[in-house]
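Produce the complete structure using the sequences and hints provided.
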Amino acid sequence: MRGTLLADVGPHEVRPALERLLAAGGRAQMVYAWYPEPGRIELRYLASAAARENFRVWRCTPGTEMPSLADLAPLLGWYEREITDLFGLPFRGHPEPHRLVLHEGIPPAPPPFSPEAHGEALVPTGSRRHRVPTLESAEVQELPFGPVRADVFESAEFLFFYLGERIIHYQPSLFFKHRGMEKRFEGRAPAAGVVLAERVSGVGSVSHALAYCQAVEIAANCIVPPRAAALRVLLAELERLYNHLHYLGHLAGTTTLKVGEAEGKLLEERAKQINTRLTGSRFLRSLLVPGGLRRDLDPKPWLGTALEALREEIAAYTGLLERSESYLDRLMGTGILEREVAFDQGATGPIDRASGVDRDLRRDHPYAAYGTLEIDVPVEQAGDAEARAKVRVAEIGASLALMQRMLLLLPDGPVTAPAVPPPGSEGLGWAESPRGTLFYAVHIDREGRLARVKIKSPSFSNWRAFPVTVHDTNMMDYAINEASFGLTIAGSDR
Amino acid sequence: MAFWTFFGLAQGKATTTWPTRGTNNGQKGLLGMPRFDAALCVPDCRACADACPTAAIAEGADGGISVDYGRCVVCQLCTEACPTDAMQPSSDWAFGVRRREDLVLGTEPTPTPRLKTAAFRRSLHIRHVDAGSCNGCESELRALNNPFYNLHRLGIFFTASPRFADILLVTGPVTHAMLEPLRATYDAMPEPRWVMAVGTCAVSGGIAEGGYACGHGLEGVLPVDLYLPGCPPNPAAIIEALLVFLNRSPQRVQGGRIGE
Numbered sequence: 018m019r020g021t022l023l024a025d026v027g028p029h030e031v032r033p034a035l036e037r038l039l040a041a042g043g044r045a046q047m048v049y050a051w052y053p054e055p056g057r058i059e060l061r062y063l064a065s066a067a068a069r070e071n072f073r074v075w076r077c078t079p080g081t082e083m084p085s086l087a088d089l090a091p092l093l094g095w096y097e098r099e100i101t102d103l104f105g106l107p108f109r110g111h112p113e114p115h116r117l118v119l120h121e122g123i124p125p126a127p128p129p130f131s132p133e134a135h136g137e138a139l140v141p142t143g144s145r146r147h148r149v150p151t152l153e154s155a156e157v158q159e160l161p162f163g164p165v166r167a168d169v170f171e172s173a174e175f176l177f178f179y180l181g182e183r184i185i186h187y188q189p190s191l192f193f194k195h196r197g198m199e200k201r202f203e204g205r206a207p208a209a210g211v212v213l214a215e216r217v218s219g220v221g222s223v224s225h226a227l228a229y230c231q232a233v234e235i236a237a238n239c240i241v242p243p244r245a246a247a248l249r250v251l252l253a254e255l256e257r258l259y260n261h262l263h264y265l266g267h268l269a270g271t272t273t274l275k276v277g278e279a280e281g282k283l284l285e286e287r288a289k290q291i292n293t294r295l296t297g298s299r300f301l302r303s304l305l306v307p308g309g310l311r312r313d314l315d316p317k318p319w320l321g322t323a324l325e326a327l328r329e330e331i332a333a334y335t336g337l338l339e340r341s342e343s344y345l346d347r348l349m350g351t352g353i354l355e356r357e358v359a360f361d362q363g364a365t366g367p368i369d370r371a372s373g374v375d376r377d378l379r380r381d382h383p384y385a386a387y388g389t390l391e392i393d394v395p396v397e398q399a400g401d402a403e404a405r406a407k408v409r410v411a412e413i414g415a416s417l418a419l420m421q422r423m424l425l426l427l428p429d430g431p432v433t434a435p436a437v438p439p440p441g442s443e444g445l446g447w448a449e450s451p452r453g454t455l456f457y458a459v460h461i462d463r464e465g466r467l468a469r470v471k472i473k474s475p476s477f478s479n480w481r482a483f484p485v486t487v488h489d490t491n492m493m494d495y496a497i498n499e500a501s502f503g504l505t506i507a508g509s510d511r
Numbered sequence: 537m538a539f540w541t542f543f544g545l546a547q548g549k550a551t552t553t554w555p556t557r558g559t560n561n562g563q564k565g566l567l568g569m570p571r572f573d574a575a576l577c578v579p580d581c582r583a584c585a586d587a588c589p590t591a592a593i594a595e596g597a598d599g600g601i602s603v604d605y606g607r608c609v610v611c612q613l614c615t616e617a618c619p620t621d622a623m624q625p626s627s628d629w630a631f632g633v634r635r636r637e638d639l640v641l642g643t644e645p646t647p648t649p650r651l652k653t654a655a656f657r658r659s660l661h662i663r664h665v666d667a668g669s670c671n672g673c674e675s676e677l678r679a680l681n682n683p684f685y686n687l688h689r690l691g692i693f694f695t696a697s698p699r700f701a702d703i704l705l706v707t708g709p710v711t712h713a714m715l716e717p718l719r720a721t722y723d724a725m726p727e728p729r730w731v732m733a734v735g736t737c738a739v740s741g742g743i744a745e746g747g748y749a750c751g752h753g754l755e756g757v758l759p760v761d762l763y764l765p766g767c768p769p770n771p772a773a774i775i776e777a778l779l780v781f782l783n784r785s786p787q788r789v790q791g792g793r794i795g796e
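If you read the protein sequences in the order shown, they are chains Y and G. Every position in the first sequence, counted from 1, becomes a number in our numbering once 17 is added. Every position in the second sequence, counted from 1, becomes a number in our numbering once 536 is added.
Among the hints, a few may not be true.
As the list claims (entries may be wrong) - Subject to a maximum C-alpha distance of 25 Å in a straight line, what follows is the list of computed DSS-like cross-link-like pairs (lysine-lysine): (1) Y/Lys275 - G/Lys549; (2) Y/Lys317 - G/Lys564; (3) G/Lys564 - G/Lys549.
Stated by the list, open to error - Covered by chain Y, per the in silico footprint, the following chain G stretches (three or more residues, Cβ under 8 Å): (4) 542-554; (5) 564-570; (6) 598-604; (7) 615-621; (8) 712-719; (9) 738-748; (10) 754-763.
Read the hints as simulated data drawn from the structure, not as lab findings. It should be emphasised that the depicted structure is a prediction, and the values quoted were computed from it without experimental measurement. No residue lacks a Cβ here, since even glycine has one placed at the ideal position from N, Cα and C.
Right under this line is the structure:
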């Protein structure tokens, strides 16, 4: 399989293999389960070694349970709990052996991915309270917030234990929005999966569709025509642009910088209107397909001019932000994520890079036409809200420059190639979304249909790291800290 | 920090004059719901129905094609699959309707009874609940308060508490986990109260419908007074739908067809 090194590993050999990989500077990415045939469950561990080296995939058939690796690579903890919820496979010695994706209160039915399940509705009843630490002090107060929150927000429940202004402990409860999207792919034709992938995380439509298409293309051993690869870069960077602009506006809003908020959101709107003019969709949907693009685009010459005009406005805007003391005061030192914690908990994207971890899939594992371009990867060391904002501002500039370069280099030619994965094939696709690393693992069944699609979304990773920065901080900083992470819940919950 | 004030003043007004005056609704070039022309349709061809991922297009009783825009996710696959020009891309997006039937092509248009919303014409308060959306609808709802659309100018506001809300705006296919919080929010609203389904997921379940985790949108969950399919509906479509609800704009879609 292109881009990965597959190895068979016994249930007790995974730990030493992971130890060796970590010692050599590698990083675990995820673990997922699937049924290659009814009655036989198989685990797949995904890990990255050095940049430009193939991803490692370890294939492992567990017994009735599997030793947990969460002590060694904490970021695997959530993936293991998800497998227990959805496949019924327990992990021995797990430090948090509780429900995650399925809430407490859902009756123990056949797990939804087991061959015995037939799509039975899993409705929570009675107490659905998730596991929380026991409270021993009468002074510490408890504040449950959500799942329906103030204003237009995605649904999630947050529990604060606090003393005055001080947050003693913070626990988010997600997965109210779990739609079972991975299961919805099963049985569909590979080309029909794109519509689903585009709707896993609306503001990440391109990244999701791109990672999915690339996984199918690897399974089909298809090389995308150069023009399609170049246009894919353009679409992915347009997505980064409107996401980061929204982020800056929202962050300014949480520091009560009202004009700064309005300007950020106005620039986001301009970017979305450029998206519409180019593709007919504000979210750049309905274009990607395994093998290339559904139709050609005509970005010349107007797109370069429109982006240059936008660049000037963005430069003026971010220049003002950098001079706003009230805004900077609230960001500096807020929500510090240490480098080691970021690495261990699996933080990704701008979050990771703001904590000094120099990683970007576009440069380290090039896809689409990124291999032909010079990728500027901004990295900050402070790990606070200001560093996260700085990384995003720098990424906007880099992204705009990248798009202009791509427009200059845009080759002519067809935009599709045949991409039909043979029965029994598989592929791993990835993309650096605006929020970080995104993986799609795709398995094709004997009829050439989708047998299993696993999505590793960046928000799932970043939500795991985020609470570490909230414990023992100030209530007043919470909203700013949350905004500085730029998390989505749809992508995490799937 | 006074520079922000000067910056704001120097920028001038960014808000569109639409829908009061002019046509700049910000959706130039947008691909909306497909238009169906039965006269160009070839008998015994199911290309569009086969391509449709949400069964919005199906074979009708008379062997022809039936279209339910309440199930359409605007993926444009049918327009590409159609061998003739029967299924055409269009820029139709103003699909806010009072009756679910009006989203089904060919339904006999009947006058929709007016809601008694006169008291709310200049001050409508919305409580939004995300019942499992992909965040696309939320992105567009947040856009309503950007300077371009500036929803406040129309006397329409989002409110934090259901106690102050007149209309419940629901997005998402209604996951089983969100069912109870959604009902609790509705129960907390004072009478008179209304419900608006925004996005194809909330109207009918959309792409994520069914399975072990999702329902079928608001069908059978809450009484719906205003339907707006779209994936996601753009901010202008949301504004138009809200104005239809307030009897400030005429409903443009009847019997699945858009009028002028």
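To see whether the hints hold, each was checked on the structure:
no. : hint                : in the structure
1   : Y/Lys275 - G/Lys549 : holds (15 Å)
2   : Y/Lys317 - G/Lys564 : holds (18 Å)
3   : G/Lys564 - G/Lys549 : holds (20 Å)
4   : 542-554             : holds (count 4)
5   : 564-570             : holds (count 4)
6   : 598-604             : violated (count 0)
7   : 615-621             : violated (count 1)
8   : 712-719             : holds (count 7)
9   : 738-748             : holds (count 6)
10  : 754-763             : violated (count 0)
The structure is inconsistent with the numbered hints 6, 7, 10, although it conforms to all the rest.
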